[in-house]
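With chain U's structure known, arrange chain X on it following the hints.
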Amino acid sequence: MPQVKIIARNFMDMVAALPAMKLDQLYQNAFICEAILRSLPPLAKKYVIQMLYIEEAVTTKSIEEWVLPDGLSKHKVAIDRLLQLRIFSEAFDRSSGTSYRLNPTFQSNLQKHITCGGVLPREPMPSSITARLPSLEDLAVFAFALEQWECFLLQLINSTQAEKMTNISPSMMRIFQRGLLTQRDKEPPRLTESGFQFLLMDTNAQLWYIIREYISNSEERDVDSADLISFLLELSFHATGEAYNMNTLTEVQRNTLKDLADLGLVKLQQGRKESWFIPTKLTTNLSVSLTDSSSRKEGFVVVETNFRIYAYSTSKLHCEILRLFSRIEYQLPNLIVGAITKESLYNAFDNGITADQIISFLQQNAHPRVAERVPSVPENVTDQVFDRLDCGNLILTGLR
Amino acid sequence: MASAPSKLYADDVSLLVVLLDANPFFWSASSLPFSKFISHVISFLNSVLLLNQLNQIVVIATGHNCCDYVYDSSSPASRSAGTGKLSALSVDLLEKLEEFVCRDEKLLKKEPEGSIASSLLSGSLSMALCYIQRVFRSGPRHPHPRILCLHGSQDGPEQYVAIMNAIFSAQRSMVPIDSCFIGAQNSAFLQQASYITGGVYLKPQLLEGTFQYLSTVFGTDLHSRGFLQLPKSVGVDFRASCFCHKKTIDMGYICSVCLSIFCKHHKKCSTCGSVFGQPHSEAASEPNKKRKAGDT
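Those sequence lines, one after another, are chains U and X. Anchor point for the first sequence: position 104 equals 104 in the UniProt record's numbering, and the numbering is continuous, going up by one each time. Anchor point for the second sequence: position 295 equals 295 in the UniProt record's numbering, and the numbering is continuous, going up by one each time.
Same shape as in the complex, but just chain U:
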């Protein structure tokens, strides 16, 4: 039995928590098997590939021999994960002890995938019908995704900066805002501690949070969560920027797509006779190593030793995020200038943001010019932020 209990903090844990029958149903789709394989820890991936063509069960003792003694803890984590996701099934035999075998559906799907390659259930539409418009170019699609996502986030935090509203229904918005905003009577909604932490997460993590809320809520809307999960994972294997026909989708999938378009994951377009959807970068990011939460976009923040912050960005969202812990001084057409001050830090700590989050946000979004410098955020700045946190706490507890 799995010995480690993993708190359901990300999408894969949600999948693992599905009942056995639903999980087996999911594994009938080869792309789901691929996505789940990619989310496993590295050692677990190796075990799966090594067992891929082995029909009989392999004893636990044999598998343990594959690892060096100091890898045993990683080995246990890997085996637990595989058992939890029902990829490995356990069998007990009095003579040979416990042994593991790969899930047969999973196994045959992966074997086929390796030898024949994966074939999506739909082909991209020929460009004669979509008449390759400039709006279909990679950059335009990427810009669309970014714009929609930012717009959604600004609306989520109820910012006054949001210029246009997305088409998401107010009830849907409230579900997303659950946990992120609190509302007291007669006061405008305020961000909670988790709300602030949410803003400082990188895009992939934010995306997963929203998708997870969307899926947990699906049962209330009479949509089977397993179907939704398999559709989303399947979507992530489509090619960015290619148009796919809408008539290859079921009714439920079409409704889901409309919601996803509001989030910036797909772009919907109408032709003369047919309508199609174009997946954006955000969709293909859905299946990128779900154990790896590092951002892949270019950084934009330069932090200097005099505590000034220069952010080369035009995004209102970035401005809002920086406002959380620094004092914004100027906003130029391509640059936001701010400074980390005592007051701004105390403000941030009051709102529940930790020093760790501030520093990791600055490090992960460091401008390429300073990203290669070690450390990318100057040491005196990191020291001061941590010191302020401690001092702040001391003040709160009355000790000095």
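Fair warning: there could be bad hints in the mix.
[As the list claims (entries may be wrong)] In silico DMTMM-like pairs for lysine to aspartate or glutamate, Cα to Cα no more than 25 Å straight-line:
#1 U:LYS281 x X:ASP72
#2 X:LYS232 x U:GLU64
#3 U:LYS112 x X:GLU95
Hints were generated in silico from the structure; no laboratory data involved.
Structure of chain X alone, referenced to chain U:
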């Protein structure tokens, strides 16, 4: 220069450069048909690409007279969709491989009698290292590179110097060279390569199970290797070839300035031009025995 650690990528993203032996002289005499071998290799490459969306694969074919890139998973041209029976990788790879073999054949010259029909390993190693250097210079985020030699042809002693230079350059860039040797005798060059760069040398016993050997030993990324039991080399053949005749020798004369190896006494070093003194007597040169030859 040491390779910069991949900063923002997860630990298990790898760049695998495969050097595929396409020497017609070797394959015409091999017990395992090339077509079966290629199907094992393609399944292995597909499994590597399956493990991580960011994994990259580059295949360089090593021919008798030339070597060339036959597959690059990160190039935009390689995104052609597969048919129902073959994966996209197979379609691209097999097409380019066919073109390569035709080109290699055209360059065939009349070889002198008795020369070993070796493949151009030094050429493909150099190409692989150049590609990897380009990846290092592409920015702070890059996958962990490693080289895998799928080789069967015999060593050509005339390539000794070039191969050793390539091996030392790989050692300095911290790129491990793994070898899966499918020929009859062990290859001294590849054993040395894996020993010096910290890779794995394997000579599979059963060639019908090549896929299983490849996926078990060579499939894991560099980070996880630290936790796995991998085949250790029993003994390494450290024999060198002399610079003047390209013969394999155990004992010879070494220039003390540039360390070039000669089998006979020369007046002057051909590499650096230093003038040699008189040869010592045989008795005095006994203690100067160089590295012993290991068991093959």
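What hints, given by number in increasing order, does this structure fail?
Nothing - there is no hint that the structure violates, so all of them hold.
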